[in-house]
Structures are given as structure tokens and as C-alpha cells.
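A.B. asks: Read off the chains here:
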Amino acid sequence: MLGVGAYRTRNRPALSEVLPLPIGEMSWALTDHRDQSVRPTDWAGHPVMVFFGFTWCPDVCPTTLSDISLWLEDLGADANRLIVALISVDPERDTPAVLADYVSSFDPRIIGLTGPADEVAKAAADFRVTYRRVDKDGGDYTMDHTAGVFLFHPDGRFASIIDFHEDRRFAVPKIRRTLS
Amino acid sequence: MKHFLLAASLTLSAPAAMACETVTIGDLTVEHAWSKATIGAGRPGVFYVEITNTGSTDDALVGIATPAAGMPMLHETVVQDGIASMPHAMSIPVPAGQSVQLSPGGYHGMLMGLTTALKEGDSFSVTLTFEKAGEVTVNVDVLSLRAEGPDCADAGQ
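Keeping their order, the protein sequence lines are chains A and B. Here our numbering is used: position 10 in the first sequence is 10, and no number is missing along the way. Here our numbering is used: position 13 in the second sequence is 1013, and no number is missing along the way.
No wet-lab data here; the hints were simulated from the structure. Incorrect hints may have been included.
Here are the simulated lysine-lysine pairs, DSBU-like style, with alpha carbons at most 35 Å apart [to be verified]: (1) A:Lys136 - A:Lys122; (2) A:Lys174 - B:Lys1132; (3) B:Lys1119 - B:Lys1132; (4) B:Lys1132 - A:Lys136; (5) A:Lys122 - A:Lys174.
Keep in mind it's a predicted model, so treat the numbers as computed, not measured.
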């Protein structure tokens, strides 16, 4: 159901060989946690930091959001122009209201994005992100997903990826390089 | 519900200090047990702890149980080729003379079927079952969703 985009990207040769598109060439249309529609063109001229996740995830996602919150604290007001977005790979459960609840626990500059399954798949394809639903006993499910944090320059060019659990000494300078 | 959780934890000491308690069973030391607040009871909670084996025999954590959740399980976060997945861990090795951490981004307890939402400042008990040492119960502090661990004087990095 969520599968089409996910499995297509999954069969690409290797993630590291395929870079995310520049923001300006992306084509998704999503909704943020305040119910506002967001398109890639809205981010023109801003440095951008994006990661994919889902609110049902007990470990990776809160850990990444805690890391991001600490990075933003380190950067202070310098990061106020930075767009920071969590894109849900689980739009079935992550409504804008659910995302609003979730992001309220973290730095207020972090926005949550969700939308119809096909728009999420489009966003994942644009960012070259993989995700996959994993069914569990009793009808429950979890999601496997790309865990890195993507950085883009203000002109939309892809800048770099911060890997899961990358040391803050390396993460913060990477972000700083996209801010000017 | 909060009273139920406090009763289940079998202690009246200040919640803030519980994660810093050390419990021993045989050659195993169990400390720094903590969890994160959840949004509602529908989402799984998480359980982190540190286990040190001071003995000369390997042991393994084979299960967890808690009154706070109907289906607690051991999991491991694995990041392979940039993709994070969370396979079920049948057992977590606790080798002789070593420390093992259930910590963000690695091994963790996943608390499915929470009886109530976990709120910052709450506490609950978790019983750990070891292959050789048997069962031991620890008190678990619920910290904020963005916490990175308990703030204990001896919590070495």
C-alpha cells in the first residue's frame, strides 16, 4: 500500500550512489503539523534540514529529534532561518494533529510534515529515501526507514548527510556550512 | 493510574533518584533504568538500562516484564546502509567482565500495549530475567521525550 515508491527506491543500486534532488526540482506537496500546506518552492532561499521518521517509533526518532534539538540549541539564533522538518513515513497514523503533539516535545523550530501516501512516496523518492512497512503480530506494524539527516544550501543544492548518532562536533559545523 | 504505577514500583522514594539506584543479583549490577514519556498509551514506550557482569561466567538478558505494558519485548536498533530497522532480540549477551547498555540507538526494551501513557516524573517497575542469574526488579524513571539519559553523579560516559 505504501509500497510502490518505497520498493522502487529500495531496488536502486546503492543509496550512497544516488544523491537527493535539489529542493527546487522536488515535486511533493505535504501538510505541516499546523495544517498548512507545504511545497518545496516554499523553502526557496532557506537552508534546509530534513529527516524521515514516524511518531510510533520509540527509539531512533526521539533520539534523532533530541540530537537535532541540541544542535539547534548550539547554533542558537543563527539557525532561525534554517527549515527543519520531520517527514513522516507513516502517514496512516501520523496526522497533522499527532505530529503537532509530537514535535511540541522538541525544539520549536522543528516542523512535522505528513500527507497522502503517494505524496510521502514522492517526497521519499525526491530525497532518495527508503522506507518499508514491517508487520508485527496482532495487526501492529513498524517502519524501517533511512535514518540520516539531509542538509541543503539556501539555493536548494544538496549539501551533506548527518549519519545517525554522528558526533555533535561534526554535525554542528556541517549545519553551519549551510547557513551562509 | 499514577497511583497504580507508584504502587507497582513498590517504593516511595523520590522518583528523580530512582534511575540512579543500583540493584545487584549474583554477579550482575543493574543501574540507570529509565524510560521516555509517551504521547498517549497507543504508542510503544521504551526501556533503557545498564547491566554490568563482574563475574567470570557469561550471562544473557532473555526477557523483561512490567505492570506498565502488556507486551514488553527486547529489540535492537540496527542501521545498515543508512536504513534503520528494529529487529526483535531473542537475548542480549552480558559477557563476563563486561557492561552492556540498553541505550538510545542500540539495544532497548520496547513496551508495547502500555496500560497508561508514560508521563515525565512517573516511575514503574521492570523485572529483568537473566539466563543464569534469574530475575531482578528495578525501578524505572520516566524522563522527558527528549531526554538523553538520567542525570546521575556516577553516570560515566
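A.B. asks: Next step is simple, just say for each hint if it's right about the structure.
C.D. replies: Results of checking the hints against the structure:
1. At most 35 Å may separate the alpha-carbon atoms for a hinted pair to count; Lys136 of chain A and Lys122 of chain A meet this at roughly 26 Å.
2. Between Lys174 of chain A and Lys1132 of chain B the CA atoms are separated by roughly 47 Å; this puts the pair beyond 35 Å, and the hint is violated.
3. This hinted pair checks out: Lys1119 of chain B and Lys1132 of chain B have alpha carbons roughly 34 Å apart, not beyond 35 Å.
4. Distance hint between Lys1132 of chain B and Lys136 of chain A is fulfilled; the C-alpha atoms sit about 29 Å from each other, no more than 35 Å.
5. Distance check on the hinted pair: Lys122 of chain A and Lys174 of chain A sit about 26 Å apart at the alpha-carbon level, within 35 Å; holds.
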